[in-house]
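Q: Each chain is listed here by its residues.
There are 4 protein chains.
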Amino acid sequence: MAEVRCIDLNADVGERFDNWRPGDDEAILREVTTAHIACGFHSGDPTVMLETVRLAARLGVAIGAHPSYPDRDGFGRRAMDVAPERIYADVLFQISALDGLARAEGARVTSVKPHGALYNRMAEDEECAAAVARATRDCSSDLWLVVRAGSRAFDVATSMGLRVAAEAFCDRAYARDGALAPRAERDAVVGDPALVAARAVRLARDGEIDTIDGTTLRLAASTLCLHGDTPGAATVARTVRSALQAEGFGLGSFSSV
Amino acid sequence: MAEVRCIDLNADVGERFDNWRPGDDEAILREVTTAHIACGFHSGDPTVMLETVRLAARLGVAIGAHPSYPDRDGFGRRAMDVAPERIYADVLFQISALDGLARAEGARVTSVKPHGALYNRMAEDEECAAAVARATRDCSSDLWLVVRAGSRAFDVATSMGLRVAAEAFCDRAYARDGALAPRAERDAVVGDPALVAARAVRLARDGEIDTIDGTTLRLAASTLCLHGDTPGAATVARTVRSALQAEGFGLGSFSSV
Amino acid sequence: MAEVRCIDLNADVGERFDNWRPGDDEAILREVTTAHIACGFHSGDPTVMLETVRLAARLGVAIGAHPSYPDRDGFGRRAMDVAPERIYADVLFQISALDGLARAEGARVTSVKPHGALYNRMAEDEECAAAVARATRDCSSDLWLVVRAGSRAFDVATSMGLRVAAEAFCDRAYARDGALAPRAERDAVVGDPALVAARAVRLARDGEIDTIDGTTLRLAASTLCLHGDTPGAATVARTVRSALQAEGFGLGSFSSV
Amino acid sequence: MAEVRCIDLNADVGERFDNWRPGDDEAILREVTTAHIACGFHSGDPTVMLETVRLAARLGVAIGAHPSYPDRDGFGRRAMDVAPERIYADVLFQISALDGLARAEGARVTSVKPHGALYNRMAEDEECAAAVARATRDCSSDLWLVVRAGSRAFDVATSMGLRVAAEAFCDRAYARDGALAPRAERDAVVGDPALVAARAVRLARDGEIDTIDGTTLRLAASTLCLHGDTPGAATVARTVRSALQAEGFGLGSFSSV
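Chains as they are written, first to last, in the working numbering: chain A, 1 to 257; chain B, 1 to 257; chain C, 1 to 257; chain D, 1 to 257.
Do not take every clue at face value.
Unchecked claim - In silico contact screen, one side only, chain A against chain D (beta carbon under 7 Å); selected entries:
hint	residue
1	Pro-70
2	Asp-73
3	Arg-78
4	Ala-79
5	Met-80
6	Asp-81
7	Val-82
To be verified - Just the calculated beta-carbon pair ranges, DEER-fashion:
hint	chain 1	residue 1	chain 2	residue 2	range
8	D	Arg-30	B	Arg-186	25 to 33 Å
9	C	Pro-231	A	Gly-106	32 to 40 Å
10	C	Asp-213	D	Asp-142	55 to 63 Å
What the hints assert, rightly or not - So these bits of chain A aren't anywhere near chain C, every CB distance computed over 12 Å:
hint	residue
11	Ala-57
12	Gly-178
13	Ala-198
14	Ala-243
Treat the hints as calculated values from the structure; they're not laboratory data.
Just so you know, these numbers come straight off a predicted model, no measurement behind them.
Note that CB positions come from ideal geometry on N, CA and C, so glycine has one too.
Make the full structure from the sequences, and use the hints.
A: Here is the structure:
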């Protein structure tokens with residue numbers, strides 16, 4: 001019997017304030033297998049979080065926390081010199097708050113994926129990665145931590161004994177060193193659905209992706225990120241999903257194994 | 001063998017931002033048996049919360065959550081027309097966040113006492129009281145909810161099956177209807193340590209307190225609140241504690257029974 | 001020579017955080033004559049404010065401030081028991097901040113229209129209306145204050161000597177007493193462009209509008225609010241504008257007379 | 001006739017939320033000649049700002065703005081990668097808001113001194129210094145900008161044509177390169193009143209101060225910062241003031257010349 005290769009698709013959701021636009025996230029959540037929900041520090045509030053938990057639970061999507069630096073004005077995208085012990089407290093606070101909302105709905109948080117500048121810092125800064133890993137583990141030892149494939153954070157968290165999911169981006173351009181090209185750069189975001197899907201398949205099947213300067217990067221990823229906040233995001237997601245399935249991949253959350 | 005009557009003393013702590021004044025709360029926490037820790041909505045941040053959890057744990061004081069309306073500018077003291085379903089989400093978020101920090105320290109949240117305007121609204125507004133009670137119960141069915149003695153909130157939470165602690169205030173003046181006299185009113189805050197202690201003893205022993213207009217109010221209370229944010233607060237607390245002990249009362253958290 | 005009757009169309013804009021979606025407000029700003037820009041308390045931040053000021057200036061739209069209660073989580077739509085002296089400080093702070101950004105661009109704030117729950121409270125609560133009027137006047141004595149047509153706020157501000165613009169809503173249902181029907185109510189928002197335009201023309205020409213229960217309300221309004229945050233908002237705005245012009249109305253800001 | 005040498009003493013004030021502790025700043029404001037008032041981004045709110053403006057005006061102290069990164073949780077002390085164009089908008093917003101409150105009281109803002117991490121970044125980062133200088137100048141061309149004596153910011157702002165006041169710290173230790181020793185370091189804060197006063201006199205008279213490693217630093221300063229947030233701050237301030245006067249210095253704000 002042939003083994004089914006599995007891949008996870010994840011999206012960052014609940015990134016809005018107040019509850020005046022329910023349903024925004026539904027289209028993207030219909031396509032992915034893990035949802036990382038904003039916890040109020042860069043966006044989101046308890047009511048939006050609870051609505052998003054309910055939506056994810058109803059759609060059978062695994063629930064992850066999406067903690068951030070406390071930076072609503074900058075949407076968590078700005079580097080901040082937060083000390084590791086404060087990162088620890090901030091991240092543990094955010095995961096715990098979301099988990100409490102999830103448990104009240106009979107669900108639970110199964111993974112943690114830091115957001116924006118915190119996510120990027122973890123890729124390079126071992127102290128920061130260790131602080132986030134410790135917060136994740138101290139919340140619950142069976143939580144998964146999602147980090148950039150090929151980054152220092154992967155090694156740090158793995159060596160601390162956490163379950164770690166390596167993430168790659170099929171709709172973002174990579175620099176030669178494995179970092180994401182800054183959003184402000186031209187061609188940093190890949191928009192064409194067919195191209196994104198082709199990149200996703202190559203990542204899943206061959207563990208390879210082209211960099212922005214034309215070299216090939218090897219990346220072992222167990223989850224692919226799909227951005228939900230752009231026009232046409234659901235179309236891109238559907239195209240990626242179909243392409244992966246056509247290639248024989250099963251879709252499922254890393255955290256449900 | 002004579003039964004020992006027990007009473008709890010509680011204080012609201014961690015009501016500050018950033019961690020530049022560690023130790024502020026230590027003096028008051030040495031005198032009380034339950035600490036209600038601010039959860040970031042009216043004051044406090046994750047680092048202050050974690051420091052306060054550690055301090056309470058070290059001093060053997062029971063840990064409670066002190067959730068609020070989201071109102072940092074007004075210190076949570078302003079009435080806000082937050083819908084019950086949003087109160088539910090806000091309170092559950094706050095308790096869960098603090099509990100996560102406490103569990104990482106090997107402790108846990110054992111009680112919930114809403115802050116300021118939310119606490120006052122619960123005393124009158126059954127829908128609000130029910131929303132807070134539901135959030136408390138959905139976080140954990142063995143949590144205690146602290147409400148004003150003699151208020152609607154006591155009946156609402158009791159009828160929902162929660163463990164409820166009735167609270168009285170020996171350093172605040174009461175109106176004839178059992179409400180607290182507004183802080184802005186003259187004589188609303190009782191400052192003289194001996195007078196506060198005498199009121200505490202009478203409350204604990206006889207279940208009675210004088211109102212601001214000279215009548216007697218009957219109040220069955222299992223916890224007395226001591227404010228820690230005034231000059232001389234620790235002295236007041238020590239005087240109250242000694243007076244209760246001299247009267248034969250044991251001191252211990254309602255939540256540790 | 002025939003006199004040209006003039007009416008102002010206004011929209012509330014800049015109601016978002018971070019600057020990732022520039023251009024959102026351009027469609028609606030092309031149709032109106034006064035823009036009320038959020039000042040950070042319910043939404044908006046300095047960068048969004050500055051971008052919106054530039055956009056309004058470029059399109060020749062008069063710039064107004066849109067101050068609110070400090071309530072980002074609730075989008076300023078929740079009643080808050082903020083004391084009049086704090087309302088005064090909050091509103092003066094917000095107008096002044098926006099005016100500083102406008103002046104740096106060679107423009108200036110010419111009107112003030114409070115947002116959401118603060119706007120509604122002014123309609124009933126004279127102390128609140130006076131606090132906002134005082135803040136407006138203390139910022140600059142030639143600022144216009146925009147209030148609900150037919151409300152107490154109109155009388156209060158007028159008697160204090162301010163220049164007051166009365167506002168009516170052609171896309172929101174009115175109750176018999178002149179209040180807006182709550183958004184949560186069925187039919188509270190009128191969406192059909194032709195119907196909105198017909199209501200606008202009747203308001204401008206006859207000073208009349210039908211209430212939600214079928215009676216006729218008399219309202220003298222010098223500005224009509226068009227909501228920009230709904231799908232099809234620009235289409236509605238264009239239809240209203242054309243209908244008013246077809247009826248012989250000139251369009252121009254009350255503040256530019 | 002002998003020329004009177006003049007020096008300014010400045011303090012950072014209004015660094016608290018809600019208005020429950022009026023009077024906190026009065027002791028230090030009685031000793032200084034310029035007050036830099038927090039503008040809400042690291043601390044302070046409109047009501048505290050207004051109270052502090054009134055207090056400064058009553059005591060005859062010049063009013064300055066104390067803008068910061070948007071970082072209440074970290075008290076503005078954490079480096080943040082805020083883009084220069086956003087720094088510009090944030091700073092202009094804050095100065096303008098405070099100036100509006102001051103003008104309503106018949107006063108006005110005469111200087112701008114950035115806070116914490118933003119102040120430190122200006123000392124090294126010319127783009128950042130230029131953004132702050134531009135915001136200051138665009139608010140009003142006669143505003144003074146206060147920067148660290150001997151820093152890049154001094155040169156940047158001077159070359160842009162601003163009136164610049166160089167600031168030195170008599171109660172903080174200096175590194176050999178002219179930077180302040182980080183607060184976390186041992187001996188970073190000088191507490192002994194006599195020692196602080198001796199350093200102040202030497203700075204004012206000779207333009208010299210000892211660094212933490214025992215060398216001598218030359219600094220031309222026109223204002224000395226006195227911290228008001230430590231126990232005994234007013235005593236230190238009074239001692240410094242007396243020592244300077246005994247040495248023949250006049251005390252007065254650089255901005256009142």
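Q: Take the hints in turn and mark each one as holding or not.
A: Structure-based check of all given hints:
1. Pro-70: holds (5 Å)
2. Asp-73: Hint holds; Asp-73 (chain A) Cβ to chain D Cβ min 5 Å, cut 7 Å.
3. Arg-78: Nearest chain D Cβ about 5 Å off; hint holds.
4. Ala-79: holds (4 Å)
5. Met-80: For Met-80 (chain A), the interface hint holds, since the closest Cβ of chain D sits about 5 Å away, which is under 7 Å.
6. Asp-81: holds (4 Å)
7. Val-82: Given a least distance of 6 Å, the restraint on Val-82 (chain A) holds.
8. D:Arg-30 <-> B:Arg-186: 25 to 33 Å: holds (29 Å)
9. C:Pro-231 <-> A:Gly-106: 32 to 40 Å: holds (34 Å)
10. C:Asp-213 <-> D:Asp-142: 55 to 63 Å: With a Cβ separation near 59 Å, Asp-213 (chain C) and Asp-142 (chain D) satisfy 55 to 63 Å, so the hint holds.
11. Ala-57: holds (23 Å)
12. Gly-178: Non-interface label stands for Gly-178 (chain A): nearest chain C Cβ at 25 Å, farther than 12 Å.
13. Ala-198: At roughly 27 Å from the nearest Cβ of chain C, Ala-198 (chain A) sits farther out than 12 Å, so the non-interface label holds.
14. Ala-243: Given that every Cβ of chain C is farther than 12 Å from that of Ala-243 (chain A), nearest at about 28 Å, it holds.
Of the hints listed earlier, there is not a single one the structure fails to meet.
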